[in-house]
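Following our numbering, the numbering of the sequence shown begins with 1 at its first residue and continues without gaps.
Keep in mind the hints are simulated off the structure, nothing from the lab. Please note that the accuracy of each hint is not assured.
Unchecked claim - Cut-off 27 Å, straight-line C-alpha distance, at most; resulting in silico cross-link-like pairs (DSS-like, lysine-lysine): (1) LYS274 with LYS338; (2) LYS218 with LYS87; (3) LYS152 with LYS165; (4) LYS180 with LYS443; (5) LYS176 with LYS161; (6) LYS206 with LYS193; (7) LYS152 with LYS185; (8) LYS399 with LYS185.
What the hints assert, rightly or not - Computed beta-carbon distance windows for the label pairs: (9) ASP441 with GLN231: 40 to 48 Å; (10) GLU228 with GLU252: 14 to 22 Å; (11) SER291 with ASP207: 16 to 24 Å.
Nothing here was measured: the structure is a model prediction, and the numbers come from that model. Using N, Cα and C, we set each Cβ at its ideal position, and we do this for glycine too.
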Amino acid sequence: MKHLIKKMVVASLLASSLSAGPVFSTSSQDVKVNIDGELQQFNPPAILRGGKTYVPLRAVFEELGAEVEWDAKNREVHITKDGVKSKLYIPTYIQINGRLMIPLRKVSEELGAGIAWDANTRTVLINSDGSQPQVTPVQNATTRKWKTIEYKNQEFSAVSKTAWKSDGTLLVGTDKGVWKQVNGKWSPLGNHKLFKDWITYLEQGKDGRLLAIEGHTKLWIFDNDSWEQIQLPEVDCFICGKSIWRANFSTEGEIVVEFADSNYPGLGSYKDGKWSQYEDDALVDFYTIDSMNWLPDGTMWTTSVDGLLRRIDGKWAKFPVPEGSLPDYYISTSQSGKLALGTHANGMFVLENDQWIRPGGASYPTPLKDRGVRLLAWSNDDVLAVQAHSLYGNVWIFKDGSWTEITAGSPIAAQEVFELYWTPSGQLELWTDSSGIWLYDLK
């Protein structure tokens, strides 16, 4: 029965993720789905928001003859099918018109399904038993610049977040704490038995400290080779009982946390053992903050449904965005403070002398002009990686004044990419939905 429910979930979620979104139509994708050797025909709706694909769970299960109950306190979906009960833990979700929407990637990880993309036949291959589908190699693919990082047969079953230490050590958040890879071998970072829930966020500080969020409810810091939980205040607490979404180190070294509930999202800071709330929070709608970026002078950039925001000397102010740009902004700052902005359906821009420009001018890629850009990563002031916002988006690199698409014809062609990071050695890390972590060598 557990296998049947797994297969049912994977089928419904993959079908939803392949249907039309706000950026492109299903017909333009012409994608097929094969589950356990059977070609499937699907047509449920899906919603793209904040760079993630959300699918309606309740309607799908009810159509398949299952009863669904949502446990909001524990963030669990309870499923009953033919008298047999099962449950799935859902750390993040949204509600649209009263319908519960859950992210495809997280549920796929929870289910442990094996997923792969066959670029030759444009088919998504799924094995509900967790085994990796066999894919016909992409013909004439250039693979010499690509390297995959394996994490099969480990104590942890899936990766939820990645980070890099300055010495080149890869850190991953998993369902079994935080792990590190050194010389190709995996081992836990500190006492991973402390963690009882998924690691939902990781942030590596420049001073060597590491922040980890467990299950959106607990905040941990790794320092001096050990983990310590950062306690939230128990009284007069502006953050108590609220979900923790992100945590970063500011330029001054304080810990800044994005927290949220249905009534009051916002930011809080932790320094010298004390919590405080950011000034002027009440003036800004911080819901769906995408990122927190600090410049060397202490200026902070962030985004929300309110638009692009800048904080200078403790005060927030909105910053104008390029004409014709819609909400859902994504930003990245370079080491010297250059700001790159991705929009919902107007491509991306770089801020120079308080003016928004297209990088490369006339060489700016036409496919990026009218599409959303949701991932940006600076290597330095001259090299920028960008991912187009679509289910199977492409990744481009801007270097020496020109653009190059790196994923076309690659081993990860047409796979959904969730993270872009430049490693200390100058390689680009791409974390995909179906084949794990990859490194691209720019040289």
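Regarding SER291 and ASP207, is the given constraint of 16 to 24 Å on their beta-carbon distance met?
20 Å, holds
Mind checking the alpha carbons of LYS274 and LYS338 for me, to see if they're no more than 27 Å apart?
32 Å, violated
Between GLU228 and GLU252, does the beta-carbon spacing fit 14 to 22 Å?
20 Å, holds
Could you grab the alpha-carbon distance between LYS176 and LYS161 and see if it respects the 27 Å cut-off?
12 Å, holds
Can the restraint linking LYS399 and LYS185 be considered satisfied, given a maximum Cα separation of 27 Å?
33 Å, violated
Does LYS185 sit within 27 Å of LYS152, going by the straight-line distance between their CA atoms?
Holds, at roughly 11 Å.
Compare the distance between the alpha carbons of LYS152 and LYS165 with 27 Å, and conclude whether the hinted pair is satisfied.
22 Å, holds
Has the given pair, LYS180 with LYS443, been kept, meaning a C-alpha gap of at most 27 Å?
Holds. LYS180 to LYS443 sits at ~25 Å (cutoff 27 Å).
Is LYS206 close enough to LYS193, meaning Cα to Cα at most 27 Å?
Judged against 27 Å, a Cα distance of about 26 Å means the pair holds.
Given the hint of 40 to 48 Å, is the C-beta distance from ASP441 to GLN231 inside that range or not?
43 Å, holds
For the pair supplied as a hint, LYS218 and LYS87, is the alpha-carbon distance within the 27 Å limit?
22 Å, holds
In this structure, the hints that do not hold are numbers 1 and 8, in rising order.
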